[in-house]
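> Residues per chain, in single letters:
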Amino acid sequence: MTEAGFTARVTQLRAIAWVRWRLFVNSLRTRRGKLDLISRGIVWLGFAIVGIGGAAGMGVAAFFFVWEGKAGLLTVLLWPIFLFWQVFPIMATAFTNNPDSTDLLRFPLNYVSYFLVRLAYGSADPATALGGLWSFGILLGVGFARPSLLPWMLLVLLAFAAFNLVLMQTIFAWVERWLSRRRTREVMGILFLLLLLSVQLIAPLIGYFTTQSRPAVHRFGEILIQGQKYFPPGLASRSIAQISASQWRAGFGSLVLLCAFVFAVGYCLHLRLLAQYRGESLSETSAKPVLPQDRRLRLGWNLPGFASPVAAVFEKEIRSLLRSGPMLLTLIMPIFMLIIFRFGPMNYVRQPGTAFPGHTPGTAFPAAAGFALLTLTNLIYNNFGGDGNGIQFFYACPVRFRDIVLAKNVTHASVLVMETAVVWVVVISLFGKPTISLTIATLAGLVFAAAVNFSVGNVLSIYSPKKFDYSTFGRQRASQITVLISMAVQILVVGMAVGSFWIARHYGNYRIANLILVMLVVISLFAYRAVLRHIDRVAQERQEMMVAELCRA
Amino acid sequence: MDAAPTICTQSLTRRFGEFVAVDGIDLRVSRGQFFGFLGPNGAGKSTTIEMLTGLLAPSTGRIEILGMDLAAHPVEVKQQIGVVPEGMSLFGRLTGSEFLNFAGRMYGLDRETAARRTVELLDFMHLADQPKKLVTDYSHGMQKKLAMAAAVIHGPKVLFLDEPFEGVDAIAAGTLKAMLQGMIARGATIFLTSHVLEIVERLCTHVAIIHQGRLVAQGSLEELRAGVEARAPLQGEGSRSSGEKMTLEQIFLRTVGGMSPTDQELSWLG
Numbered sequence: 000m001t002e003a004g005f006t007a008r009v010t011q012l013r014a015i016a017w018v019r020w021r022l023f024v025n026s027l028r029t030r031r032g033k034l035d036l037i038s039r040g041i042v043w044l045g046f047a048i049v050g051i052g053g054a055a056g057m058g059v060a061a062f063f064f065v066w067e068g069k070a071g072l073l074t075v076l077l078w079p080i081f082l083f084w085q086v087f088p089i090m091a092t093a094f095t096n097n098p099d100s101t102d103l104l105r106f107p108l109n110y111v112s113y114f115l116v117r118l119a120y121g122s123a124d125p126a127t128a129l130g131g132l133w134s135f136g137i138l139l140g141v142g143f144a145r146p147s148l149l150p151w152m153l154l155v156l157l158a159f160a161a162f163n164l165v166l167m168q169t170i171f172a173w174v175e176r177w178l179s180r181r182r183t184r185e186v187m188g189i190l191f192l193l194l195l196l197s198v199q200l201i202a203p204l205i206g207y208f209t210t211q212s213r214p215a216v217h218r219f220g221e222i223l224i225q226g227q228k229y230f231p232p233g234l235a236s237r238s239i240a241q242i243s244a245s246q247w248r249a250g251f252g253s254l255v256l257l258c259a260f261v262f263a264v265g266y267c268l269h270l271r272l273l274a275q276y277r278g279e280s281l282s283e284t285s286a287k288p289v290l291p292q293d294r295r296l297r298l299g300w301n302l303p304g305f306a307s308p309v310a311a312v313f314e315k316e317i318r319s320l321l322r323s324g325p326m327l328l329t330l331i332m333p334i335f336m337l338i339i340f341r342f343g344p345m346n347y348v349r350q351p352g353t354a355f356p357g358h359t360p361g362t363a364f365p366a367a368a369g370f371a372l373l374t375l376t377n378l379i380y381n382n383f384g385g386d387g388n389g390i391q392f393f394y395a396c397p398v399r400f401r402d403i404v405l406a407k408n409v410t411h412a413s414v415l416v417m418e419t420a421v422v423w424v425v426v427i428s429l430f431g432k433p434t435i436s437l438t439i440a441t442l443a444g445l446v447f448a449a450a451v452n453f454s455v456g457n458v459l460s461i462y463s464p465k466k467f468d469y470s471t472f473g474r475q476r477a478s479q480i481t482v483l484i485s486m487a488v489q490i491l492v493v494g495m496a497v498g499s500f501w502i503a504r505h506y507g508n509y510r511i512a513n514l515i516l517v518m519l520v521v522i523s524l525f526a527y528r529a530v531l532r533h534i535d536r537v538a539q540e541r542q543e544m545m546v547a548e549l550c551r552a
Numbered sequence: 000m001d002a003a004p005t006i007c008t009q010s011l012t013r014r015f016g017e018f019v020a021v022d023g024i025d026l027r028v029s030r031g032q033f034f035g036f037l038g039p040n041g042a043g044k045s046t047t048i049e050m051l052t053g054l055l056a057p058s059t060g061r062i063e064i065l066g067m068d069l070a071a072h073p074v075e076v077k078q079q080i081g082v083v084p085e086g087m088s089l090f091g092r093l094t095g096s097e098f099l100n101f102a103g104r105m106y107g108l109d110r111e112t113a114a115r116r117t118v119e120l121l122d123f124m125h126l127a128d129q130p131k132k133l134v135t136d137y138s139h140g141m142q143k144k145l146a147m148a149a150a151v152i153h154g155p156k157v158l159f160l161d162e163p164f165e166g167v168d169a170i171a172a173g174t175l176k177a178m179l180q181g182m183i184a185r186g187a188t189i190f191l192t193s194h195v196l197e198i199v200e201r202l203c204t205h206v207a208i209i210h211q212g213r214l215v216a217q218g219s220l221e222e223l224r225a226g227v228e229a230r231a232p233l234q235g236e237g238s239r240s241s242g243e244k245m246t247l248e249q250i251f252l253r254t255v256g257g258m259s260p261t262d263q264e265l266s267w268l269g
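Protein sequences appear in the order of chains A and E.
Going by numbering that gives the first Met the number 0, the first residue of the first sequence is number 0, and it counts up by one from there.
Going by numbering that gives the first Met the number 0, the first residue of the second sequence is number 0, and it counts up by one from there.
Derived from the structure by calculation, the hints contain no laboratory data.
Quick caveat: nothing in here was measured; it's all calculated off a predicted structure.
Each hint should be verified, as a subset may be incorrect.
Pair by pair, the computed Cβ-Cβ distance ranges are [unchecked claim]:
#, chain 1, residue 1, chain 2, residue 2, range
1, A, R399, E, V195, 36 to 44 Å
2, E, Q9, A, A47, 55 to 63 Å
3, A, G498, E, V74, 38 to 46 Å
4, E, A229, A, L296, 56 to 64 Å
5, A, I48, E, A56, 38 to 46 Å
Quick list of in silico lysine-lysine cross-link-like pairs, DSSO-like style, CA-CA up to 27 Å [as the list claims (entries may be wrong)]:
#, chain 1, residue 1, chain 2, residue 2
6, E, K132, A, K466
7, A, K466, A, K33
8, A, K69, A, K228
9, E, K156, E, K176
10, A, K466, E, K131
11, E, K176, E, K132
C-beta atoms are modelled at their ideal positions from N, C-alpha and C, and glycine is treated no differently.
Sequences and hints are given; from them, build the entire structure.
Okay, structure coming up:
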């Protein structure tokens, strides 16, 4: 690269950094922007507490592992960091922010610069910050235990962090690519159904092996423990262990293998980014001409008991949702949560029957149903985010906003009902059948939580809307005010629900919980109705701000 | 002119903080008129059209559409009008067919009528070839045609169009013009803004010009021409022979004072 070329590249990168800074500063011009900054500060404070607390804990653990001469046990710390780094961004899209850097491609940006910009955008993320902090804690712990290991530890952790960073970006880029095709989504849907069916077979199989053939389970565990050594978290800890045992060549070899992982994953990311750089378009469909006989009349959906516009908006919402791959992926998370709790390591550290939620359908069903509602908060608290310019259509057409909001709530409620039903089936398959009174209490709690979330969500959707493309992964962030208020609502709702369960448990009678929750349901439904009754006026008052915010390019 | 105009505004004003975007304009558009609303960039055209369609509340002033007060009867007015705003207001994750079906039902059509008109409009607009294509994957011109189709699916009596021909190819523009002229022939009223003055001159029977938020001219093309010539007789415009009519572009430039090209030269441009 010539010096002039290098200078030009640095100038470009500086310009991009400056633009990001100006965008941030300009966002503070509005009152909402300032409130957003405060909310973001509070959220980041929470992350900081978790990050620093976790770093301290990890540091202490790392110190003792190395002090005791068991550096290989560092893998126990690195695997959770690795899993958090990769899973958290997908599960909490509200906190992830990876601005769409493809906008920059209109400028004569060099590919290397584009690659670096993508990585830099991806680094500004809570998962990276927390993962980095925890890794730093481990570094300090090891450093205090054996200062001579510090330089090597730094090298290994840098490689480990690079791997996590690159892998996260690669997962986003590739999953987005796969889910952009309808056919792929259909294949994934079938795979998911197969998974649900196979889940029913897993429980008896595990039961069979754990009761009939414990050695087989131990053998499987041994294979897992041996196998993890060849993956990045295992390689990183092994490298440290080998160096601490003065096995220089082996330690270096493990680090080289770790770096090979970084380069392999980086190459996959390179393939994706290069395609983007060359102007790839993730078009939904190929341009196949339609045959004349296909042009038949397709009637819109009918929703019994609801007005035609409500049915029309419901149909539109469902169709849009079915075409939003990342959102669909988020919606199946409760099932994965159940599977992880059932077969994950947490289940084996305690005796069956005592682990949470272990083998108890009594806790698994409420927890998974609650999580099902949580996965919908992105939609519930930003009702119009996915509509973008379409908000003008809602304001231009002769339909009351109340009907439009009602239709969106009906959509989200339908998805929640469907999810809860699936969760119930999976809980029965994995944990056993929850009691009837517990099922009723959970459903009552869910209706209460849904009504509260819908009420607050409807108001926030109008007061604090944010344009959102539900077809892309992690390139956007919900309004921080919305995130903060929704968190407060969840704490309140969960607190009240858990409180009623606790009282019921205390008296050994779930019917008490049912009674309390039914009362809460009635109150929350009244509140929901009151909000809906005033939503036309609120939407009218906030019309200008809504259009300005959602039609923004 | 009708006693009761289809569109009537009184002292319509819109302020954004200290800035006055539209400053007390009085518009009168009669039934069956093809009305062109012109102005330079930032003059207040889109703001006016947004206020006329209920997309933006006026700061002061009154709007009547088809004899109904827009502020008092927004739903009733919206049932009678169609609008293609600047941002086109489409839903990207629907197909064209799904969007039109949806629009028809939101404007009160029953399911069968909405479905039938959807098929007819897709055919008419030459959008039926790729039924599974999502709106987000449409070209700009296709999106414009789809927005236009959605605006007329309920057979509105008044149609508001913000730059309807922008980004539309010549064939599609011809189709749209034929459709709009057909609507006028059947008694509808069309209110459009456009920067393409040739199109406005060819289509519109009446024109209003807005400049810096104020209405500076309003009337038929002949009335505007006469007004401009009366205010400032022609001086040395060699390109026009005596007796030749003044074009809309000349009327526009004289009205808004845009005849002074800058002396500054960008010498670094190739």
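> All hints are to be evaluated individually against the structure, with a verdict given for each.
To see whether the hints hold, each was checked on the structure:
A hinted range of 36 to 44 Å for the beta carbons of R399(A) and V195(E) is consistent with their spacing of about 37 Å. A hinted range of 55 to 63 Å holds for the C-beta pair Q9(E) and A47(A), which are about 58 Å apart. About 44 Å separates the C-beta atoms of G498(A) and V74(E), a value consistent with the hinted range of 38 to 46 Å. Between A229(E) and L296(A) the beta carbons are some 58 Å apart, a value that agrees with the proposed interval 56 to 64 Å.
The hint said 38 to 46 Å for the Cβ distance between I48(A) and A56(E), and at roughly 45 Å that hint holds. Under the criterion of a C-alpha separation no larger than 27 Å, the hint pairing K132(E) with K466(A) is consistent with the structure, at around 22 Å. Proximity of K466(A) to K33(A) is assessed by CA-CA distance (about 18 Å); at most 27 Å being required, the pair is judged to hold. Under the criterion of a C-alpha separation no larger than 27 Å, the hint pairing K69(A) with K228(A) is consistent with the structure, at around 15 Å.
At most 27 Å may separate the alpha-carbon atoms for a hinted pair to count; K156(E) and K176(E) meet this at roughly 17 Å. For the hint linking K466(A) to K131(E), the alpha-carbon distance of about 25 Å falls within 27 Å, and the restraint holds. For the hint pairing K176(E) with K132(E), the CA-to-CA distance comes to about 25 Å; that is within 27 Å, so the pair holds.
Violation of the numbered hints given earlier is absent; every hint is satisfied by the structure.
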